[in-house]
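Number of protein chains: 2
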Amino acid sequence: MCELLGMSANVPTDICFSFTGLVKRGGERGPHRDGWGITFYEGKGCRTFKDALPSSYSPIAKMIQDYPIKSQVIIAHIRQANRGGISLENTHPFTRELWGRYWTFAHNGQLTDYAQLDTGFFYPVGQTDSEYAFCFLLNQLYHRYHTMPAWRELSAEIKKQAAQLAEKGVFNMLLSDGEYIIAYCATHLHWITRKAPFGQAKLLDEDIDIDFYQHTTPSDIVTIIATQPLTVNEQWYKIEPGQLVVFRYGELICD
Amino acid sequence: MCELLGMSANVPTDICFSFTGLVKRGGERGPHRDGWGITFYEGKGCRTFKDALPSSYSPIAKMIQDYPIKSQVIIAHIRQANRGGISLENTHPFTRELWGRYWTFAHNGQLTDYAQLDTGFFYPVGQTDSEYAFCFLLNQLYHRYHTMPAWRELSAEIKKQAAQLAEKGVFNMLLSDGEYIIAYCATHLHWITRKAPFGQAKLLDEDIDIDFYQHTTPSDIVTIIATQPLTVNEQWYKIEPGQLVVFRYGELICD
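Protein chains in written order, with the numbering used here: chain A, 3 to 257; chain B, 3 to 257.
Misleading hints may appear alongside valid ones.
No copy labels: a pair is met if it fits in one copy or bridges any two.
To be verified - Computed list of lysine-lysine pairs in BS3-like fashion (alpha-carbon distance at most 27 Å, straight line):
1. Lys204 / Lys46
2. Lys46 / Lys72
3. Lys161 / Lys26
4. Lys240 / Lys162
5. Lys26 / Lys64
6. Lys72 / Lys161
7. Lys26 / Lys197
8. Lys26 / Lys204
9. Lys72 / Lys26
10. Lys46 / Lys64
In short, the hints are calculated from the structure, not lab data.
Using the sequences plus the hints, can you model the full thing?
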């Protein structure tokens with residue numbers, strides 16, 4: 003299995019603290035040694051840092067922890083390979099363009115019979131069940147809508163497709179176009195929204211704590227979504243199996 | 003205008019030396035202050051580092067100079083914005099999937115009437131003439147070939163399309179799928195192949211030299227393609243206006 007991490011915020015915010023917690027699970031504390039990746043959106047553009055090396059030994063992951071790249075939407079993933087070898091083309095997140103937007107996708111779980119999925123025009127480059135599922139999802143959306151529909155309709159359609167994929171195995175996913183983060187839970191996915199009054203948080207995987215009050219303004223709203231809670235002293239919400247939730251500018255807008 | 007840099011090699015090779023030369027043109031020595039990007043292929047996968055900041059001040063560009071990421075195909079670009087604002091979505095290189103391969107594109111020059119180009123299914127995300135040209139090119143190729151043709155046929159078709167684009171202005175480009183690098187020259191593009199016996203090279207833009215003999219094995223073959231020669235004491239070849247050349251595993255295979 004793998005671990006997912008997402009961030010939605012109303013102001014450009016860095017993810018150094020949460021990413022430090024995730025990285026510890028990528029080789030040192032967890033079994034997720036088979037690559038990692040993180041996508042930062044800035045406006046309509048995005049950039050992805052990824053590596054087929056374990057995140058806890060990667061110089062690039064170290065730079066991401068130290069250099070605060072600020073973004074309103076971030077999607078990250080650490081991988082334990084189950085379908086597809088350990089290689090860059092099999093490393094999440096995956097990004098493709100649809101409707102003139104870059105869509106970024108990361109998956110936790112594993113699927114069977116995925117090679118039969120109709121991916122249409124969206125050819126998978128690698129061999130993972132995850133990339134097949136992403137290409138299938140985009141192909142379904144492309145055939146259903148020639149331009150991007152309103153988010154309520156879009157998220158209802160994605161929920162329907164995600165439920166179909168979940169019938170093939172375990173399908174937890176994060177999907178974003180840089181504005182919305184759409185999270186579908188099959189088994190495990192948690193989230194927390196931080197806003198004023200900000201307090202302290204302590205990482206579960208590392209002896210590091212942070213006082214968010216020192217790093218924020220009173221109007222900041224930041225949501226973190228993760229496979230498992232990353233901190234020990236805060237209240238995380240569990241997304242129920244079969245549930246799809248949508249975040250925008252740091253806030254839950256649909257569940 | 004912008005500067006292009008490409009590398010094709012028969013063994014995974016780093017580009018620290020040449021990239022150091024290019025970066026100096028991104029803000030300090032040249033007018034190319036409006037972002038930079040570099041794509042490294044590893045097998046069928048690729049990863050891109052990019053920034054809308056000048057390369058000479060970017061901590062990420064600094065990391066790329068210091069941390070030798072080895073690859074057989076690299077495409078890099080530093081930008082002086084002329085069409086489209088300074089933003090991440092307008093920063094080269096651009097990568098899209100076609101025929102189950104990731105294609106990466108960088109452009110030097112500027113085009114007029116580019117918004118009328120038929121990009122079909124490949125919607126531009128940003129506003130640059132370059133991304134429009136790339137989407138147009140992919141759309142032409144997609145409609146002409148449902149799977150990837152042999153490279154001679156493909157490069158002849160790309161040359162035809164590139165010549166059409168060059169009628170709209172200045173169109174120097176590098177394009178790669180991780181195996182081939184296809185370079186089309188409208189005005190300025192140069193290349194050099196280094197192989198045994200390796201000698202010393204000295205950067206034009208920086209007081210740095212390198213003894214390739216210390217960093218290579220006798221069977222290494224490495225080609226560098228750049229808008230302008232990057233070194234002072236080596237013989238670079240100029241690609242003629244209207245000429246398309248193809249490199250694979252470090253060697254020129256078509257001109």
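A quick look at each hint next to the structure:
In the homo-oligomer, the alpha carbons of Lys204 and Lys46 never lie at most 27 Å apart, since the shortest distance is 33 Å inside one protomer and 40 Å across protomers. With identical chains, the CA atoms of Lys46 and Lys72 are at most 27 Å apart within one copy only, with a shortest distance of 14 Å there and 30 Å across copies. Proximity of Lys161 and Lys26 under a CA criterion of 27 Å is satisfied in neither setting, with 31 Å inside one chain copy and 49 Å between copies. In the homo-oligomer, the alpha carbons of Lys240 and Lys162 lie at most 27 Å apart inside one protomer (20 Å), although the nearest pairing across protomers, at 56 Å, exceeds that limit.
In the homo-oligomer, the alpha carbons of Lys26 and Lys64 lie at most 27 Å apart both inside one protomer (11 Å) and across protomers (25 Å), since each shortest distance falls under that limit. Taking the closest pair of Cα atoms, Lys72 and Lys161 never come within 27 Å of each other, the shortest separation being 29 Å inside a single copy and 41 Å across copies. Within a single copy, Lys26 and Lys197 get their C-alpha atoms as close as 26 Å, which meets the 27 Å cut-off; across copies the closest is 42 Å, which misses it. When the C-alpha separation of Lys26 and Lys204 is checked against a cutoff of 27 Å, the pair qualifies only within one copy, where the shortest distance is 14 Å, while the shortest distance between copies is 42 Å.
For the homomeric pair Lys72 and Lys26, the shortest alpha-carbon distances inside one copy (21 Å) and between copies (25 Å) are both at most 27 Å. Taking CA atoms no more than 27 Å apart as the test, Lys46 paired with Lys64 passes in both settings, with 26 Å inside one copy and 25 Å between copies.
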